[in-house]
Every structure is written in C-alpha cells, then in structure tokens.
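Protein chains in written order, with the UniProt record's numbering: chain G, 1 to 941; chain D, 1 to 190; chain W, 1 to 308.
These are computed hints drawn from the structure, not numbers from a lab. Hints should not be assumed to be uniformly reliable.
Straight line, CA to CA, 30 Å or less: simulated DSSO-like cross-link-like pairs of lysine-lysine [as the list claims (entries may be wrong)]: (1) G:K910 x D:K163; (2) G:K214 x W:K186; (3) D:K122 x G:K925; (4) G:K533 x G:K394; (5) G:K214 x W:K237; (6) W:K208 x G:K96; (7) G:K214 x W:K187; (8) G:K925 x D:K163; (9) G:K533 x G:K448; (10) G:K210 x W:K186; (11) G:K118 x G:K107; (12) G:K171 x W:K38; (13) G:K107 x W:K38; (14) G:K210 x W:K199; (15) G:K294 x W:K208; (16) G:K171 x W:K237; (17) G:K207 x W:K199; (18) G:K290 x W:K208; (19) W:K38 x W:K189.
The structure presented is a predicted model; accordingly, all values stated were derived computationally and were not measured.
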Amino acid sequence: MEKGLRKPEEEHTKKRNTNSIKLKGETNLRRSGSSSNVHRRNDALKRRSASLSALSKIANNSERSSPRNINGNWNSEGPSEDKENNSAIEHAEQQKLMRETAQELRKNSILLRQAIEKDDFVQVLTRATEVLQALRIPTIHPRMYYELYLAVCNELRHLEWFFADQVKRNKITALRLYEQVQETPHVLSRLYFLIIAGAVYMGVERKLTKNILKDLLEMCSGVQNPMKGLFLRGYFTQLLRSKLSENNQEEKENDAQELGITTQEAIEFLLWNFGEANRLWIRMQYDASKERFKRDQERRQVETLVGLNISTLARLSGLNVTLYSNIVFPALSQQICSCHDPMAQEYLADCVVQAFPDEYHLQTLSEFLTMCMKLIPGVSIRQIIGGLADRFAKFSSMSTESRKLVEECGTFSAFERHLPSILSSQGNSLSLLDVLSTLLSLTQFTLKAYPGQVDYINVLLGFAIDSLRSGCSITRKAQEKSSFLSDDMNAGSTQRSLHSSVTLEEGSPEERLIVRLLTSPLEEYRSITMTLKLGNFSTLLSFLRLEMQRFVAASLLRNHAEYRPCIGAVETLEKLFEFIRPLVEESPGETEFIQQQKNANSSQVHPFHAHLPREVVKVSTTKVRVAEDDSGYFEQVQAFVARIIYLLDETDSSSLFGLYRVVRRYLYRGGPRRTCITLPPLTFACLHLAHRRYKESALPGNQLPTESESSAEHIFEFVLETLSSLSETDAVTSLRLHLQGALAVNQCAFRNDTLLYEFFARAYLLYEQEIADSRIQFSTLLLIIGTLRTVNRLEPDNYDTLSSKAVKHAAKLLTRADQCLALCACAQLFWTPWLMDGSRTFTCLERAFRSAKSCLALGERSLLFVDILNASMYLYESGCIEIHLEFFVDIIHHIQEVTNRMGNESSIGKAASARLTRALNYMRKVEPEKYSNLLHHQRLI
Amino acid sequence: MVLVLTIGDFHIPSRVAAVPLKFRELLVPGKIQRVLCTGNLCNKETEEFLKVICPEIQITKGDMDDVQSEYPERCVTNIGQLSFGLCHGHQLIPWNDPNCLAALRRDMGVDVLVVGHSHLLKMTETVDGGLIIDPGTATGAPVADSLDSKRPSFILLDIQGSKVIAYTYEIYGEDMKVDRVVFERLASFK
Amino acid sequence: MQSALSLLGLGSSCSVLLVLDGAEERKTAVIYSPTSHKRVDELPLFGETETVSGKVVISVREGKSLQHMGIRIEFIGAVEMLYDRESSQEFTSLVRELEDPGILTGTKQYPFAFTQVEKAYDTYNGVNVRLRYFLRVTVERPPYIPNIVKEYDMAVAHFQEEPQVNNTIRMEVGIEDSLHIEFEYKKSKLHLSDVVLGKVYFLQVRIKIKRMELEIKRRESAGTGVHAVNETDTLAKFEIMDGSPVRGESIPVRMFLSAYPSLTPTYKNINNKFSVKYFLNLVLVDEDDRRYFKQHEIFLWRAATNGN
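Put together the whole structure using the sequences plus the hints.
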C-alpha cells in the first residue's frame, strides 16, 4: 500500500533521494563553510530583528550561537494515510465539514458547561479541549472559521471564569494552572488555554504580567497556519484589550500600569503581536493552491484581526504624542514598509490613519509621508493620503484651535514637500485617477485648514497639471509642433482638443476629478478674485473637453457670492475672461452650425411670406435658436456671463467705462448665440453709466469736456455700436434697447436731439427691416409709440417725422384690430403737454374708428369700439375738445347696435356691453359735468 | 385670509444680477398662497424662483419679456371677495399715467388693479372706490427714463373678504422697511 | 499481580497474608502497562537500601490443621525475560526461615525483616523484560503435595544526583533544497518531571509542512547476542507547531514531562540483561503526510525531590 501510494510522487521522492534521506550533511556544510552558514543565518536574524527592532528587548530571539558540528540526519517516512488535499475541498464539502464541526462543537459545549457546573477540573479540561477541537478544523473559508471562532470564544468565556474561580478558591495555584494547561498535546488548543490561564495568572500576580505576556507571545508562534494563527493572535489582542479597558474603567490614570506593565511595555507587546499577525496575514497570499482573487478575498475577510492590534494601540490610555512619534509610529511604519505586500501596506496605512488621533498625525506627518514614499507601487496612495487629508479637513473645521494646530505643524508644506516624491516613487503603477483623487482630498483639506491660502491650492493644481502632462508626454510633443505653426488663439484650442482626446474620456472619473479639483476652491472661496489668483487654473482647465471647461467656468461665475463688485482693474477683468474663455468664446464649428440653420431657413422660405407658419418666421427675426436639448442650460450659463458686468467695481465712472469696453470686446467673441443674452446687460449698464457721467458733468465745478473719451455722448454712441451688432442676432431685443437708449438720452439735456433721433431712427429701421411677425409688429410699434410719447427733447420737425411714421405703420398693420388699437395709441402722440394738435388727434381716432368698422368679426368689432370710446374719453377728459359729441354718440350707437345684433348668447357681446355700461356709469356718476351734453343726448337713453 | 404676493419688474440679468438677498431670505416656499407678477422677469430662472415660492401664480407680459413667452397681456382673477386685474402697464399710453390706469381698472371692471412698469412702489385708491397697486421693482432695476435709482420693493397683500391689508417691503440701502396699509370696503363699485 | 498488599492469597486450607511495617505511610509507585501506558498496578515503594520488614499471617481454617515441612520468606530481585524464560535471572535472593516443619492450626503471625537489603536496580515493567522485587512466602508441604507459595510485589526507585554535565542538544539538519532546520534542546539530561525546552529554527522551507510534533520514544533492548530483542515504543506525542512556517521562523519547544508518568529513567545494561533508552523525536509532517524526523537521545533520571 505504501509503495502504491508513493508512486505518483516519484518526482518528489527522487529529489529527496528516496528513503534515506539525503541530508544536509557534513560534506555540504564543509564545502560551503560554516562561516557562510553563520553569515546567512545572521542575515536572517538581522532581517528578523530589524523588522522588530523596537521589540528587540522583549523579543529576545538572538541567543542562538553558531552550530559547529552538524551531523544531523533527516529521516523520512512516506505518507501514512491517503493524500488529503485540504485546499481542494470544494465549497459544498467545506460547508458539510463546517456543519459537522459546528454540531460537534454544540455537543461539546454542553458537556463543558456541565463539567464546569460539577466543578470537576480534570473533566473541564478534557471537555474544553474537545470544544477547542473545532478550531483545529482543516482549512476552510475564513468566514466559516470566524463563525466557529465566535462560538468557541463564547464557550471560552465560561472557561475563563472557571479558571479564575478555581484559582480564587485556592483549588489550584495560578502557576500550576498555567503549567498544567501546557500538557495539552495539540498546540492550537494548548495556546488558547495558555492565553486564558495567562490572563488569570496576570490577574493574580501583577508583577509577572510582563513575563507572562512575553511567554504567551513567544509560544504563539507555534501556530504557523496563517488563518488559525491570526485568529489566535486576535484572541490574544482581544484579551489584552479587555484587560486594559477593564482596568481603565476603574482607574483612568493608566491602564497598562494597572495591569502591571508600563504603557511602553504594553505598546511593545502589541507591536510584537501586530508584527507576527501581519506576517501570518501576508503569508495567506502565498497559498498557491488558491486563485489569486480568492486569496485576496479571504485575506480581506481577516484583515481586522491584524488591524485590531493597531486600534488597541490607539486606545491605550497612556499613549501620548511622544510615545506615538518615538515608538509606535516608527515601529508601525517599519513593519508596513518592510512587509512588501500591497494589500497589507494599504490596509495598515489606512488603519494607522484612521486609528490614531489627528494631533498625532499632525506631529508625525512628515514621517508618515516618508513612509508613503516607500510603499510599493500599486498601493492605493489615494486612499491613504486621501484618508489622512479628509481627517485633517474635518479636524481643521472643528475649531479655530485645531486649525491653528494644523498650521503650526506645517501640514501643508509637508504635503507639498513629499507629494512629488511619493507620486514619482509609485511610478507608472499610480494611475492618473489615484493622483487626482489624492490631490482632490488634499485640496479639500487645504481649503478647510487654510482658508485664505490661494497659493497652496495653486500648488496642488500644479501637481495635477504635472501628472496630466507626464501621463501624455507623447501628445505634448505633437502639441508643441502645432503651436509653433499657429497663432496664440489657435494654439490654445489645439492644445485643448489634444489633451481632451487623449487622456480623458467623456464622463470618466478622471474627468470628474479634475472638475472637482477646479470647482472645490470656487465653492469654498465664493469669490472670483480669490480664484483669479490661482495661476494654474486655466492650464488645468485646458485639459478638459470643452463642455466640461464650460461647466467649470460657469461654476466659477455661479459661486461668486451675491455678485459683490470685485473687479476694478482691466488686468483682473481680462484674467477673468481668460479663465472663462470656453464660455465666452464660440467653439469652432458652432458658428457654421448655426449659420447653416439660419441659411436653411432663409433660403428655403421667404420670411416675409404671409402664409408661412409662425415658427419658421421666428427663426429669422428673433433670437437665433439652436435645436439643442441643453438650450435652457446654455441660456442659464450665458446669463452668468452676462452678469460679469455686475462684478465690476464702480468707484470711478471713466475707468468703469474702460472696463465695459473690455467686456464688450470679449463678449463679441461669443457669436450671435451668446451676444443676444450677454449684450443687453452691458447695454443697460452703459445707459446707467451714461446717466452717471451726465450727472457728474452737470455738477458745478466738475465740467468735463464733452469730447472726453467717456462722456455721456460717447457712451451712448458706444451703446449704438453695441446694439447694431445685436441687431443681426436679436432684432426685437435690439429694437427694444434702442428705445431704452432713446429714453435714456432723453434724460440728458444735450445740445441737440441728434442722438435721440438716431435711436428712434434705428428702431424704425429695425422695425421695418427685421420684424415680420404681425403680433410682434403690433407690440413693438406700440412700444415705439409709448416711447415716443414719453420723450420730450425731440425737435418738432423730428418729432413730426417720427410720429407720422408711427401713424403710417399703424395704418399698415396686418389686422383691422391691430390698426385700430395702434391708431388709438397714435392719437396720444398728438395730444401731449408740448403738442396739442386736436385735429390730428381726432383724425387718428377717426381712422381707428374706420378700421374698427371694417373689422368683420362682430365680437371683435364691438370690443374695438369700446377701446376707441375709452381712448376718446381719456383724450376728451384731458382737453381735446376736437373729439365732439357726435363722435361719442356714433361710437356708442355702433356698440349698442353690434351687441344687440349679437344677442345675449355671445359672451363677447356681453363683455362689450358690460364695458360700455361701465364707461357710461363712469360718465354719469364720476364725471357727469364733463359729459353732461352727451348724457343728455336723447338717443343715448 | 389669503396672502398674495404682488411683485414684478425684475429685469434679471439685463439690469440687475439677482433678487436682493434680503428678499430671497423672506420669500420662502409655504407662506404665500398666490403670486401676481406684473412681468419683466426677463429670464426663466426668475420664473422658477417665483414658482418655488408658490406654484399658484399669474404672470403678465412685460415690455422686456421674451416675445415668445406665453404670458398674457393682461388677466383677471378673483381672490376672496375681490376681483384682481393684472397688467404690466407698458401697453397704456401715456405710460404710468394715473388716469390711464384708473380707466383700465374701470374698463376691466376689477376691484384691484395690479400694474408695474414705473418701478415705483405705489398704492392708489381711485375716486370710484378701486385700488391700484404698483409693487415697484423687486430688484431695484433702474429705468432708462429716469436718472434716479430705484428701490427694490414688493407688496404682500393679506386679503380678508373685501378687506386688503397691504404690507409694503422696500430696501433702503442696507435696511428693509416694512409698512402696513389697510384698505377697507373695496368693491363698492362694479 | 492483581491487587494490593494486604490481600490474602488463598490456599485450599489456609490463607497467607503479608503485612509490611508502616504500610499506611509508605509511598507507592504506579506501574504502567508497557504497551498501553495505562496504569496497571500500584506497589509500595522502597528505597535502595531500605529495610523490608513486616509480618506474615497464616490462618488455617477453623477445625483444620496444616502439616508443613517449614515456612520461609524470600526477598527476590529478578530480571524476567518475557520472551525467553530461561535467561531470566534472580540477582538478589535472601531467605528467612519462619517456622520449622510441623503442624499449623489457627492463626499465626511471623514477623520478618530484611535489614538494609540491597536493591540495586529500579523496578521496571517493560515489554520484553521486567525487573521485579518481591517477597515470596512459601509453606512447604510434604512430598507430592504442592507448596503454598505467595508472592508480594514491591517497587524500588533510585534517586539520582543531578548530572554534573548537561549539554545542550543542538543540531542542524536538512534535505537539500527543500528543508533545512536547526533545533536545540536546552538539556540533554532531564529528570522525570522536567520540562523539555528548546526551539526549532527554520532556515529553509520549500515544502508545505502541516505540523510539527515532538515525540518521546523508548527503546528497550533485552538479551544479548542472537537473543537480543529490541522494542521501540512512542510514549508521548506532543504537537509543537500547526501549519507551515516560513524561512526564519523560530518555534518554541516546551514539553512538560510530568504529563507522561510512565517514563522511567534511562537504564543502561542493567545486570547485563537489558537497557532502556529514551529519545526525543522531532517530526515534521507535510501536506502529503510524509514524515520527516530526527531523533536524539536524552537521558532521563529520577530526582530525589520529585517523589516517585
């Protein structure tokens, strides 16, 4: 049987030279020489003691002397039983095994409790051994093992109590107990017993605590199975932890001392155990029988057993900054650096970050970052440094004292100093995503901790740029070439497109991170001037694709608190426009697209054709609209650009005008889509400024030459220029603004009405050439009439020209109703405080009446009659006696006739007669004297 | 008791950047039952701002509102026992003429006419027992036909049957002034 | 050998009883089975030259009489070769006559004493060999009638001085290119309730080790020449490591010998008949259940302070 079994392993056996065992015998050793042997072992020792340098005092593992005479023979036997490949146990089998073990455990637990009740020491020991047998289960999944562990721990608590009770009642001495449990033949069970007995022993003999702990830790290395060892060491830590905290409750002074050891000793023990646990944990990685993924997964599930040591360390009440920075951190760092395992480094560094207080981290930041530099490539720097930065951020926002502490510790400069080398030490394994994410965390921390330090943020943005550049070095060469050839402007855009096309995919996390990097300071500062100090801002921005550049630029504008004026210098303003260039400038291709649309509309159909559907006409006459889903967003964002005008500091009016010029220069670059939103505010601001200049010049002793660059007239001319450019894109708005301009000019007593007339003339021009929609024609004409009626500085001739034109256009409106109403309005133009031309007034009303009568729809006609009546009444009441009695009577009769014809069914008819009634009532009750003639007219009643 | 916000002439962003912070802090959702807006919002955001305060809203078209907007030129609505007319006012020539406004109120047959355009907060009782309310400009937007600067203002109406208690809110520099005026026995004439 | 000392051996017509002096206070020694290591007997314990005294009580059943050819008691130390009775040997034999030939009736007591009798060796109960001390009471009967013989066993233990020289056992062993360790036991001479202390240091590990055990082995050699018989037996198995270590790992060894009461001191060529040697056997078991072991002799001795 033995032979048969050994066959498949022939290869194996060959190597070992069959049964007798080729041995690392004398010859071998002699050849290599004992000195080399010693050397090698010393190396091993050195490595070992180095990894535990802080613990050398207690580790005491260097007593070994070099062996001189080695004649050892190894003996070996073949397998005695069937080959049992534990690692190959399938999941189902594992579960079966687990079930059986758990069942056995339950049974044994009951027996153990019974034995404890009977107070039978020997029996208890036997039963407890059986309970612990569950933990000796062959390799199973950590999760299942954990379940067993918990169940066993539960039983061990009883045992702990029992042992303590035995000692208390002097049934056995603590020492004897400690020795007796060591007779347990299985090492795993024995060590669990030993830890419990040790705890009891420590409780009795505090002087011995140190020795006991040392002994326990030394003995624990008997378990070399990584998972079992980890749980065992976890049990040790937990026990120590509970002992420490137990005492802590009673006496807050110093938990370790209460236990019989100094804090430093407690630290050393925990560090020691931590080192061992970590080694075991890392060893799980080398279980070649499992797939890498599975190993990683299983390791993750037991990581807390290692981390438990760190958190226990952090909870030591005697721990202070000095101990931390002199002992704890160097040891942890040493262990982390030397373990050469990415998962361990990542997890443990994160543990350190999370476990210890911020104050400690602040004191040891430089050391911590130095450690980060030594971590092997692939470790998530972003999680570690990001986690630290997040903590600092929270800490700094806690109180002013904490922020001060952060500052005093030179936290930022430490980051600044170490970050480049950390990033470069990680080399290619560090993804752009990691770098950016780390930088984002640092940015957020810096914003919290150093609210005013724009420079710091700029440094971080600079790091981001560096990492982006090094990420696409090939692209940069190409870009340099192209910038050689083209001028500045084009170079910018080429650069942009190259960067965005190569490094950042649309919607990628990297892209989002850059956006966050750029927007976080904005959100924190809420001040454009602060942001403008970030020299690296636009460079970093240029790495994004255009859409995201616009988003960031918009958020720069959006995040300025309450539009506080803050820009006083042209340079600042230009800088701002540089920052938000993607928003302000038209992107290549955009114009063509719109142009195509516009052309398509105008070439296919003539806009003035009366039978055209309204929507088509609109395109050519009003705002150019691009069929885009985000047009609402576009408008919203452009509204932010438009608001830049409100950020300008308005202390000095002439320099303010200089700023306006700059603003217009930049806004012009936006193309029609943008200017129709961005120019109106500028126009208004200019009108406002013109008023201001005018008032300033009117002040006594402050005579400004009218020829001055920034005189009111100049500003109005500037407005005219602006508006003419707007005319091409948004005729209606331009027209309206021309009228506003007219109103504004009218406030200034200039030498002549040239400017005033110009505004009106251009408004008419726009009306005639650009407004095709009849509804818009009507409303616009009404606006012109209203404006014309309001201004009072036109020369009579000019007024006559303009008002006659109004009448002419009114009469030419498409519908009778529009004509009628517009003519009624025109009537007002001839009855003003400065012009009381009763006959022309009346003529307008008459023409309106004629138009109304030509209206074929009865209802509409009746309403129009009432409108004329109302208009006539107003003018009559203001003294226009040319509106004679017969006219009124005629209108009233027409109304009555029409409403009678319509009868009671028509709601419009009813409305009309109600309006008439109200007008008549008004005449009777409110102004009976004025209308006495009319009221006494026979035919009315 | 119904709280009605009368407000208008925002001119955002063409004349001012935003509604003053003080007003924004005051005008929060859940307090106001109706909004009568005279117009000249000039911007979709402003409409959203008002709709958030209260979804029950009437808006008429101002002279600077988008020509494409669906706002009516004027509208009539009943609140409590009173009828309200709403109109921006730029359509009435001559502009801001009290007689003209009185005539419109009469012609529309409403108890209260809410108008804008003048950017001056004003409440006038007409000889025939009506009320004309101009809430002024909510943002203090300047007008071209005046050299004077304008004060941000709005009027909150507390309608109790036929009684109107008007609270006027005006910002003078850094301070906000609130006044209370009571109008009783409106609707005497229809 | 089935019961304690005061039990009476039954004859057909009389009973023979032996009572040792101070039996109540006397220490006892437990005798373990050489194969199962279970306890099989408990005997009164005597030192090297301790006087063995007591009395023999012989009771004849009432109304009967016993004719005898003399009564004697012997103190015998014997090495019994279990596989080869012929080479068994009594190395000590002392006789005390208790009664001349005559007729016994009723109960009669006979005190006896073997003053300072030399007991050169320890009692040993092995697989193939047994070293016994016993008292034999013989009631000699007339010819053709079998004698009445009763044997009473006792145990003898010698206490030893602590050895002057007690070297550390240290050794480096390996299999080329796969396993190489160095182990060390603090002492090569241990008393019976001593603790084996040491450590195992792994210099090279290229095989998957499952566990490591420390065994105590006993080798009993009996007889000489062609009749020599060796018997090896594992008395203790003590796991000292679970799982596979990596290079540089140092595993502590601590084994309490008191857990194994069937241990005896090392015996060397006792009366030219037998020897008992003990070995510590370090065993490594790999994942495929192959065993690698290295054994090393240790010397066990009995310390005076440690009782048995």
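Under the criterion that the straight-line Cα-Cα distance not exceed 30 Å, is the pair K294 (chain G), K208 (chain W) satisfied?
-> holds, 20 Å
Can the restraint linking K207 (chain G) and K199 (chain W) be considered satisfied, given a maximum Cα separation of 30 Å?
-> holds, 26 Å
Taking 30 Å as the top limit, are the C-alpha atoms of K208 (chain W) and K96 (chain G) close enough?
-> holds, 25 Å
Measure nothing beyond the straight line between the CA atoms of K925 (chain G) and K163 (chain D); if it is 30 Å or shorter, mark the hint as holding.
-> holds, 24 Å
Hinted pair K210 (chain G) and K186 (chain W), Cα distance within 30 Å = holds, 23 Å
Given hint K237 (chain W) paired with K171 (chain G) - CA-CA distance at most 30 Å = holds, 29 Å
Compare the distance between the alpha carbons of K171 (chain G) and K38 (chain W) with 30 Å, and conclude whether the hinted pair is satisfied.
-> At roughly 26 Å apart (the allowed maximum being 30 Å), K38 (chain W) and K171 (chain G) satisfy the hint.
Does the structure keep K210 (chain G) and K199 (chain W) at a Cα separation of 30 Å or less?
-> holds, 21 Å
Holds or violated: K533 (chain G) to K394 (chain G), with C-alpha atoms at most 30 Å apart | Holds, because 25 Å separates the two Cα atoms, which is no more than 30 Å.
Decide if the proposed pair is consistent with the structure: K118 (chain G) and K107 (chain G), CA atoms, cutoff 30 Å inclusive.
-> holds, 17 Å
When you check the alpha-carbon spacing of K214 (chain G) and K186 (chain W), does it fall within 30 Å?
-> Distance of about 19 Å is within 30 Å: holds.
Pair hint outcome, K214 (chain G) versus K237 (chain W) [Cα-Cα no greater than 30 Å] | Holds, at about 26 Å.
Checked against the numbered hints given earlier, the structure satisfies every one of them.
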